[in-house]
Amino acid sequence: MYHFNWRPVFQNFDLLWQGLLLGIGIALLSLAIGAVLGLAGAFARVYGPRWARTFVAAYVEFVRNIPLLLIIYFVYFALPLIGLRVLDNLWSFVFALAIYSGAYLTETFRAGLQSIAKGYIEAGKAVGLTRAQVARYVTVPLMFRVVLPSLGNTLISLFKDTSLASAISVHELTYGAIQINVNTWRIIEVYTVVGLMYLVTCYSMAGLLRLLERRFAVVR
Amino acid sequence: MRGLLVTLQVSVLVLLIGTVIGIGGGLSLLYGSLPLRWFVRVYVDTIRGIPLLVLIFAIFYGLPALGLKVSALMAAVMALSIFCGAHVSEVIRGGVDSIPKGQTDAGKAIGLTFRQRLRYVIFPQAVGRILPPWVNTAVELVKASSLVSLVSVVDLMLAIQQIVGRTRQTLLLYAVAALLYFIINYAISMLGQRLEKRFAYT
Amino acid sequence: MPHKLVIIQNLVKRFGTVDILRGVNLEVDKGEVVVIIGPSGSGKTTLLRCINFLEEYQEGRIFVDSQLMGYRENNGKLVKLPEDTTAKMRADVGMVFQSFNLFPHMTALDNVLLGLTKVRKLAQSEAEDRAVTWLKRVGLGDKLKSYPSQLSGGQQQRVGIARAVAMGPKVMLFDEVTSALDPELVSEVLSVMEDLAHTGMTMLVVTHEMRFAKEVGQRIIFMDEGVIVEQGTPQQIFEQPQTERLRTFLGHFAKTL
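Residue numbers (this note's numbering), protein chains in the order written: chain R, 1 to 220; chain X, 1 to 202; chain Z, 1 to 257.
Just chain R, same shape as in the assembly:
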């Protein structure tokens, strides 16, 4: 019979807690960088010249069809070999996750961009705004409201993906679980606690997202 012993888990709780915070931080950072990439990609897809459109489409298609793990290994192991700045494991992961999320966010923003009724843009032009001003004051703000739910869901996904950082020894939550397990072999207790921590965080994020949506939602 398995004897439950929760003490080792709680003795090392700060390890898990810090891992959790790191995971959240990584997710947010990757989302931010990915959003910049995604925004650029979306604008390129919708308004850019032919070569830009093709390039972005290829990037998106390619990244979305290969495993995140592969991207992580590629950035961490392969890139340094061709002289790209040797990043430590944490920043390699952030970079990899940003590239990954950038592909998805390009599609998210593209859909958001294209869903903005032409009427708003025309109204902006009619008032005399330049194309850049229309983008800045009309298109982008509207688009953010439309894509907010998607962004939130992406953040939650990214947070779960941070668990893969453990593969390159980044000290996030899953790595903490592995460490405690290796030292104390309290497998079920550790993974129950860690699982709950992920669950609670994901649902809290979802709840926050719904609150934000209510405040900023576009009325169709």
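Hints are computed from structural coordinates only; laboratory data are not their basis. Note that beta-carbon positions come from the ideal geometry of N, C-alpha and C, so glycine has one too. One or more hints might be untrue.
[Unchecked claim] Derived DSS-like pairs: lysine-lysine, alpha-carbon spacing no greater than 30 Å straight-line:
1) Z/K121 to X/K101
2) Z/K118 to Z/K170
3) Z/K118 to X/K197
4) Z/K88 to X/K101
[Said to hold, decoys possible] Not close to chain Z: a few residues of chain X, all C-beta gaps over 10 Å, as computed:
5) W38
6) G62
7) G94
8) L112
9) L158
10) Q162
11) V176
12) I188
13) E196
[Claimed, not checked] To spell it out: a stretch of chain R is covered by chain X in this simulated footprint if at least three of its residues, at any positions, have a beta carbon under 8 Å from a beta carbon of chain X; those stretches are:
14) 65-75
15) 155-164
16) 175-186
17) 194-200
Here the structure of chain R is known, so what remains is to put chains X and Z in place on it, guided by the hints.
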């Protein structure tokens, strides 16, 4: 390459098992009794709230601790199937839910029984709505299968790493791996699109 | 005395804490065309949907041709019948919907055939004969193999009527069947309904089309807030409204009448 075969086999196996679980789960969510629906809901929401890697580790390390000896492959397949099942349940529930209620009404109005409605009215329309997300799940599954490399199952991912360890051709080999994954998933997507065209009604 | 085809007694329907129908009493003769009018939220659609048990009711009784719909009596209490038993009862009540609800994955012909083959259990050839006859009767003989997405709203609704009436129902229920149609398509549907009335079909029609009510209706029922407020012949209702509520309601239609 044997690793490639393992990846494909695992993916297909998990997709099959996961879809069966998912059909059961989806139908339960739609038509089951209250306790059943509650149970499946908890299952689906829990699985979707934790990372797949945690699930894989939990099963891989946890089962032996409980006294059940399973191979790494079996543990990985189990974890992936549970994961896939949760997703497919949602896909099916969402697909059927998106059918306008009026269709059920019309079926009832001409006297069709529950089984008849499912078979002639609901199911044909559900297929078209379930297919795209299901194909998406298949693609995600192939990508997710790469995680089994972290519990020592020699799939494409681990095989490539082993070769890198021997030959040090890091960049080239990772590029090959990326290409292989890309081809597999792109093929799945293309097949999916062909299937979707056959079942589109609106 | 003419045979009472539909008998509704003290019908009460609640949805949560809201009373939608508060004691409706109605009797419909065989061959009668009853038109139900009233403001939105008056419960007219709910009443119709209770008759073929698309909605459950909490108190009262609904009899179609002496059959209690949806329940059986057990010491004065209503006990819900199993789904399959209710399904059989529904075959005798035809319903046409506001949003057509044609099966999009089937041709017009198949839409009509489904009930005939699976519920009435007719042989394929007999079913096809009936289906084709009715589709021709509603003017769609050349659209047998068309899918709903290829048909206009008026055409789709006519298929809906054919689908319901081909089943050979004892009574036909029409739930605001022209409300979702573009104005120029309304008359084609109304004329099909008028033809049907002239064949002696018992019809309960919920509608806003006052001219139809006046010209084809034999009895008009005015409902408001879950009860029948007034009823009578078209002449009585439209020219001599007795209650204030009916007068207010008719006031909205002053221009079209």
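Checked hints:
1. Z/K121 to X/K101: 25 Å, holds
2. Z/K118 to Z/K170: 19 Å, holds
3. Z/K118 to X/K197: Given pair Z/K118, X/K197 holds - Cα atoms ~28 Å apart, limit 30 Å.
4. Z/K88 to X/K101: 20 Å, holds
5. W38: Its Cβ never comes within 10 Å of chain Z, the nearest being 21 Å, so this holds.
6. G62: Holds, since 43 Å exceeds 10 Å.
7. G94: Label holds. Min Cβ-Cβ 18 Å, cutoff 10 Å.
8. L112: Violated: least Cβ distance 6 Å, not greater than 10 Å.
9. L158: Given a closest Cβ separation of 45 Å, the condition holds.
10. Q162: 50 Å, holds
11. V176: Fine: 44 Å to the nearest Cβ keeps X/V176 off the interface.
12. I188: X/I188 clear of chain Z: closest Cβ-Cβ about 25 Å, beyond 10 Å.
13. E196: Holds, since 14 Å exceeds 10 Å.
14. 65-75: holds (count 8)
15. 155-164: The restraint on the stretch 155-164 of chain R holds, since 5 of its residues have a Cβ under 8 Å from chain X and three suffice.
16. 175-186: Coverage by chain X holds for the stretch 175-186 of chain R (4 residues, Cβ < 8 Å).
17. 194-200: Per the Cβ count (4), the hint holds.
Consistency note: the structure conflicts with earlier hint 8 alone.
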